[in-house]
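Novice: Listed in order, the protein sequences are those of chains A and B. Heads up: the first sequence runs through residues 1 to 197, numbered per the numbering used here. Heads up: the second sequence runs through residues 1 to 310, numbered per the numbering used here.
Quick caveat, the hints were computed from the structure, so don't treat them as lab data. One should not assume that every hint holds.
As the list claims (entries may be wrong) - Non-contacting residues of chain B with respect to chain A, defined by C-beta distances greater than 12 Å in every case (computed):
no., residue
1, 131
2, 168
3, 172
4, 175
5, 201
6, 203
7, 235
8, 275
What the hints assert, rightly or not - Sample of chain A residues facing chain B (criterion: CB under 7 Å; computed from the structure):
no., residue
9, 5
10, 42
11, 63
12, 66
13, 73
14, 74
15, 89
16, 92
17, 94
18, 99
19, 102
20, 104
21, 146
22, 148
23, 181
It should be emphasised that the depicted structure is a prediction, and the values quoted were computed from it without experimental measurement. By construction, the Cβ of each residue, glycine as well, lies at the ideal position given by its N, Cα and C atoms.
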Amino acid sequence: MYNYARMKFYCDTERCIECFGCVIACDEAHELPLGIARRKVVTLNDGIEGKEFSVSVACMHCTDAPCEQVCPVDCFYIREDGIVLHDKDKCIGCGYCLYACPFGAPQFPKDGAFGIRGVMDKCTMCAGGPEPTFSIEEREKYGQNRIAEGKVPMCAATCSTNALLVGDAESVSKIYRERVAARGKGVQTPYGWKEAY
Amino acid sequence: MKKIYFLLFSSLTIFAGEVPLASPNLAPTHPGSQLYKEEMIEAIPFWNKFGELFVYVQTHYTKPLFLAILIGVPLAFAFHYFVWGPKKFSHKGRKFLIFPKWQRIVHWIAALGFIFLVPTGFLIIYAKYFGGGEPIRFARTIHDIGAILFAIAFIPMMLMWFKDMLPKSWDLKWLGMLGGYLSKEKKEIPAHKFNAGQKMWYWTIFFGGALMLLTGFLLYIQTFDKSLLNVKIFQIDILRIAILTHLALALIIVALFFTHLYMSLFAIKGAVDSMISGCKSEDELKHLHSIFYKDIINKKIDKKLEEGCK
Ligand code: SF4
Ligand code: SF4
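The following block holds chain A by itself, in its conformation from the complex (with noise of 0.2 Å):
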């Protein structure tokens, strides 16, 4: 077992009320180009009565990540922390990763004319990527490092309902259990639950 915490996304779908915040917070806080969401909310069973409910996805920073291993490159990196990032400047924009990933979560920029695929984009968990931290090269590549500077990601800090929660998986797993125990539901299996942890 590891001895140190490991960092995760939640998104309690009981709360999350499809308001995209997470989404524009995200693409506004990196300044992330035209055709990429690194978060995506997604509605399922639309209008389909006590079925329907909204997630939103990013990369969930798997324990073992598929795209880690599947990488001809080796451009993947896990952090202490369980934060998976990767070095932009290695990727040659094979696409293994997505195939690898449960959750659709990287994304190639395409270039206009004959659609050819750049580099790999995904979500960092606002801690930035390998250039050194708060340079210029780091905030064009990956993004703001709202780690490195003690801030929550972007994300989760917009939610307006708290449905996106992120932290050391223990106390996420503790904040859901006390929600589910509160709504007197019984215990669900959170969306996506399995994969990633």
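Assemble chain B with the ligands onto chain A, guided by the hints.
Specialist: Same frame as chain A, now just chain B with the ligands:
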């Protein structure tokens, strides 16, 4: 010529992407694509079907298997060359036109495609040892260009040799004696215009090449609109099946490609000339394509074929 331009142009338009306007929360570059939409979420619980399979194959098999082909096949042929040596045939005497000029052109377009495709494919698989980054991204572009060249030659090449490649009873005999390559003796080998080995190569390309083009194309666009397909399968799973198929077929095709190179360049001295000048010598035909040789003599078309080489 017009046709070639048309093919070139149409293949370019197929490959041209479109710049999407970003919708606020979704990232697909293809408006009809389900890749990053609802389906992506629905597919999460089913990751352990093809997703896990791909991770397993990629972490356990891809690199060692391609390395085995890259080293094993040439080693086996080096051994063959050393023990049995090349077959030599007299290139004096009569020569017959086997491949007319247009067939040679089609063949070399496909060959050029392969020369682009195979090394860059290896570069992608072993990208780590070449540092990755910009140079390998460029190799990926070359890989795509090779695919376009191969695609242009694919249909004409398959059509022009289709009839001659249909299996015949004597092919079994050829296979039984492995084409006579495991003996130094010079004797008559049963084969018509193409021997059973060449036929295996042809049919591998016929089915494998088509699948390689298809899977490669899907992997290239990724965010295609699959609604036309009308099958119940997650878009991400299509991509996973595509990459697995692409890798598995590549293994077979590369192994046979090396064989093809060895046969034409080393095993039969001067065999490659027949794809350059289009002509084969009487001595070579008589031995390696004995049935074809008897056929042209009986049908009395040998004079005509000889004309083509003068
Ligand atoms: S969610 Fe996908 S990209 Fe993120 S760590 Fe897991 S496999 Fe990798
Ligand atoms: S796209 Fe980049 S990060 Fe993803 S597997 Fe390929 S090289 Fe690695």
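Novice: Hint by hint, say whether it matches the structure.
Specialist: Status of the hints after comparison with the structure:
1. With a cut of 12 Å on Cβ distances, residue 131 of chain B falls inside the contact zone with chain A, its closest approach being about 7 Å.
2. In this structure residue 168 of chain B is separated from chain A by more than 12 Å, as the shortest Cβ-Cβ distance comes to about 42 Å.
3. Residue 172 of chain B, annotated as away from the interface, keeps every beta carbon of chain A farther than 12 Å; the closest lies near 41 Å.
4. Distance to chain A confirms residue 175 of chain B as a non-interface residue, since its nearest Cβ pair spans about 37 Å, more than 12 Å.
5. Every beta carbon of chain A lies more than 12 Å from that of residue 201 of chain B, the smallest distance being close to 28 Å; the non-interface claim holds.
6. The beta carbon of residue 203 of chain B sits about 29 Å from the closest Cβ of chain A, which is more than 12 Å, so the claim that it is off the interface holds.
7. A beta-carbon of chain A comes within 12 Å of the beta-carbon of residue 235 of chain B; the shortest separation is about 9 Å.
8. With a least beta-carbon separation of about 32 Å from chain A, residue 275 of chain B lies farther than 12 Å from that chain, consistent with its non-interface assignment.
9. Given the 7 Å rule on beta carbons, the hint for residue 5 of chain A is violated: about 24 Å separates it from the nearest Cβ of chain B.
10. With its C-beta approaching chain B no nearer than about 5 Å, residue 42 of chain A sits inside the 7 Å limit, and its interface hint holds.
11. Taken as an interface hint, residue 63 of chain A does not check out: its beta carbon lies about 14 Å from the nearest beta carbon of chain B, beyond 7 Å.
12. Here the hint on residue 66 of chain A is kept, as its CB sits about 5 Å from the closest CB of chain B, short of 7 Å.
13. For residue 73 of chain A, the suggested interface contact is upheld, since its CB lies about 3 Å from the closest CB of chain B, less than 7 Å.
14. A distance limit of 7 Å between C-beta atoms decides the matter here; for residue 74 of chain A the minimum to chain B is near 5 Å, and the interface restraint holds.
15. Hint status for residue 89 of chain A relative to chain B: holds, with the closest Cβ pair at about 5 Å, below 7 Å.
16. Taken as an interface hint, residue 92 of chain A checks out: its beta carbon lies about 4 Å from the nearest beta carbon of chain B, inside 7 Å.
17. Checking residue 94 of chain A against chain B by beta carbon gives a least distance of about 6 Å; that is within 7 Å, so the hint holds.
18. Given the 7 Å rule on beta carbons, the hint for residue 99 of chain A holds: about 5 Å separates it from the nearest Cβ of chain B.
19. Using the Cβ-Cβ criterion of 7 Å, the hint placing residue 102 of chain A at the interface with chain B is satisfied: the shortest such distance is roughly 4 Å.
20. Interface restraint check: residue 104 of chain A against chain B, minimum CB-CB distance 4 Å, threshold 7 Å, status holds.
21. Restraint check, residue 146 of chain A versus chain B: the minimum CB separation of about 21 Å is more than 7 Å; hint violated.
22. Hint on residue 148 of chain A is violated. Least Cβ distance to chain B is approximately 25 Å, over the 7 Å limit.
23. The criterion of a C-beta within 7 Å of any C-beta in chain B is not met by residue 181 of chain A, whose closest approach is roughly 25 Å, and the hint is violated.
When held up to the earlier numbered hints, the structure conflicts with 1, 7, 9, 11, 21, 22 and 23 and fits the remainder.
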